[in-house]
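Heads up: the protein sequence lines correspond to chains L and S, in order.
If you read the first sequence in our numbering, its first letter stands for residue 1, the second for the next number, and so on.
If you read the second sequence in our numbering, its first letter stands for residue 1, the second for the next number, and so on.
FYI, nobody ran anything at the bench for these hints, they're computed from the structure.
The beta-carbon is built from N, C-alpha and C at its ideal position, and this holds for glycine as well.
None of the hints are false.
So the derived list for chain S, only partly shown, Cβ under 8 angstroms to chain L, looks like this:
#1 Ala75
#2 Met185
#3 Gly186
#4 Pro239
The residues making up each chain are set out below.
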Amino acid sequence: MPDLKLLYEAVVNGDAKASLAITQQALAEGVDPLILVNEHMVPAMDEVGRRFEANEFFVPELLIAARAMKASLEVIRPLLIARGDKPAGRVAIGTVKGDLHDIGKNLVASLLEGGGFEVIDLGVNVTPEKFIETVNLKQANIIAMSALLTTTMPAMKSTIEALKSAGVRDRVKVLIGGAPITQKYADEIGADGYSENAVGAVALAKKAVAT
Amino acid sequence: MHPLLRDLLATGPVLTDGAWGTQLQARGLAVGEFPDLWNLEHPEKVLEVARAYVAAGSQVILTNTFGANRLRLAAHGLESKAVELNRRGAALSKEAAGQKARVFASIGPTGQLLMSGEVSAQQVSDAFLEQAQALAQGGADALVVETMAEVEEACLAVKAARQTGLPVVACMVFDSGKDHDRTMMGTTPEAAATALVEAGADVVGANCGQGIAGFIPICRRMHAVTNVPLWAKANAGLPEMVNGVPVYRTSPADFASLIPDLVQAGASFIGGCCGTSPDFIAAAKARLDALRQQN
Numbered sequence: 001m002p003d004l005k006l007l008y009e010a011v012v013n014g015d016a017k018a019s020l021a022i023t024q025q026a027l028a029e030g031v032d033p034l035i036l037v038n039e040h041m042v043p044a045m046d047e048v049g050r051r052f053e054a055n056e057f058f059v060p061e062l063l064i065a066a067r068a069m070k071a072s073l074e075v076i077r078p079l080l081i082a083r084g085d086k087p088a089g090r091v092a093i094g095t096v097k098g099d100l101h102d103i104g105k106n107l108v109a110s111l112l113e114g115g116g117f118e119v120i121d122l123g124v125n126v127t128p129e130k131f132i133e134t135v136n137l138k139q140a141n142i143i144a145m146s147a148l149l150t151t152t153m154p155a156m157k158s159t160i161e162a163l164k165s166a167g168v169r170d171r172v173k174v175l176i177g178g179a180p181i182t183q184k185y186a187d188e189i190g191a192d193g194y195s196e197n198a199v200g201a202v203a204l205a206k207k208a209v210a211t
Numbered sequence: 001m002h003p004l005l006r007d008l009l010a011t012g013p014v015l016t017d018g019a020w021g022t023q024l025q026a027r028g029l030a031v032g033e034f035p036d037l038w039n040l041e042h043p044e045k046v047l048e049v050a051r052a053y054v055a056a057g058s059q060v061i062l063t064n065t066f067g068a069n070r071l072r073l074a075a076h077g078l079e080s081k082a083v084e085l086n087r088r089g090a091a092l093s094k095e096a097a098g099q100k101a102r103v104f105a106s107i108g109p110t111g112q113l114l115m116s117g118e119v120s121a122q123q124v125s126d127a128f129l130e131q132a133q134a135l136a137q138g139g140a141d142a143l144v145v146e147t148m149a150e151v152e153e154a155c156l157a158v159k160a161a162r163q164t165g166l167p168v169v170a171c172m173v174f175d176s177g178k179d180h181d182r183t184m185m186g187t188t189p190e191a192a193a194t195a196l197v198e199a200g201a202d203v204v205g206a207n208c209g210q211g212i213a214g215f216i217p218i219c220r221r222m223h224a225v226t227n228v229p230l231w232a233k234a235n236a237g238l239p240e241m242v243n244g245v246p247v248y249r250t251s252p253a254d255f256a257s258l259i260p261d262l263v264q265a266g267a268s269f270i271g272g273c274c275g276t277s278p279d280f281i282a283a284a285k286a287r288l289d290a291l292r293q294q295n
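So that you can see chain L by itself, here it is in the shape it has in the complex:
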């Protein structure tokens, strides 16, 4: 039986190789995959988030921690699906129409995956219609929108309006983020949540599916 504290440390330190090796060994020895996720990996990502908030970690550390988590999840997820466990939620994420910036969006996507969400990455320049289609065809229950430019953030408002017209607004929680975005703007356009950074986005998504 591997020391599962090492799994926690592998994720915090962003050591994907170690994270995967310990996961595989633990699974081979019959450890419940959910215990690996909930008792070791999720607390590790929480610690990564804490260090980010405390300015001890920055984007590179977040990226490698999320990669380590993902390496383990890739072997764990098929087991969970096979026995009928559901992901925390299904997120359709994209940078809004007219905006081609994707560094922030990609970071949020990988942290959401690390947080146990199924992520459908729609890329950049995503039209309202594409978001609606993903809700209808793939049953996404969270829409996460990113915009880097003050000139493209109005597309968030028009996407929310399009979701309403299409009659699917009630089926999803809408979360937004990006450099020019504020809580005030989120309130103004009727989004369900805003986070100023990628770590906060995971907490926000968890809260959104819990309510």
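Position chain S against the provided structure of chain L, taking the given hints into account.
For chain S alone, coordinates are given in the frame of chain L:
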């Protein structure tokens, strides 16, 4: 020091320009439209912006080529126009500058993170080299690697830019950490300045990301670790959305009032980034002229 920089700095701190994107929008650039394409489609509007900065007193103006590297152009299907957009952009600023100002041509980030593995160092270097050479051919007097978030990418750009033989400025965005004194990747001003000088930058500094007050400690910290001249282009504060339109709360007078402190902190090239306009440059000029008279 490169003779061009020495000549510019001989009379004290040098005034650069302000934002371009918002100025082009005021002249009809649509939301989501790629500004650099206007070098070909609306050159007269690009000239107007450049001339407005020269008229306001800019001794150095930049170019409308911030996004014109092959990797970013590809997102717009414009990569075949890389050379043309940069040559034309440099030539337009040269035309506006005449004998009154120098043209420091803008090289912005590729928009992709090297550490994410989506793009290789070679691809990034090639894209910057192509852009730098085209800007040099268009008549640029110097090159400015700006708004960089990742030091590795900035260093690749500096090394590519140096191959033209022109002086090279390199500046990063400090907008992270609770004191806004780190890049997105967590790099400190000291580490950034050291790495950029090592890569061959003639001038280093910071642009965008925050208002002018935050640039004072950043310049002080860079000044403590390097002797090269420092570059500072601050935003007019951070935008607030009012009825769907971004509003920057810092006035030209507020902005200019901190310039003596910025000079004291070691900045030698001073201008504005997002939210600033020719009015900011005119206010800054008055402040800098007063400073020069005192000394």
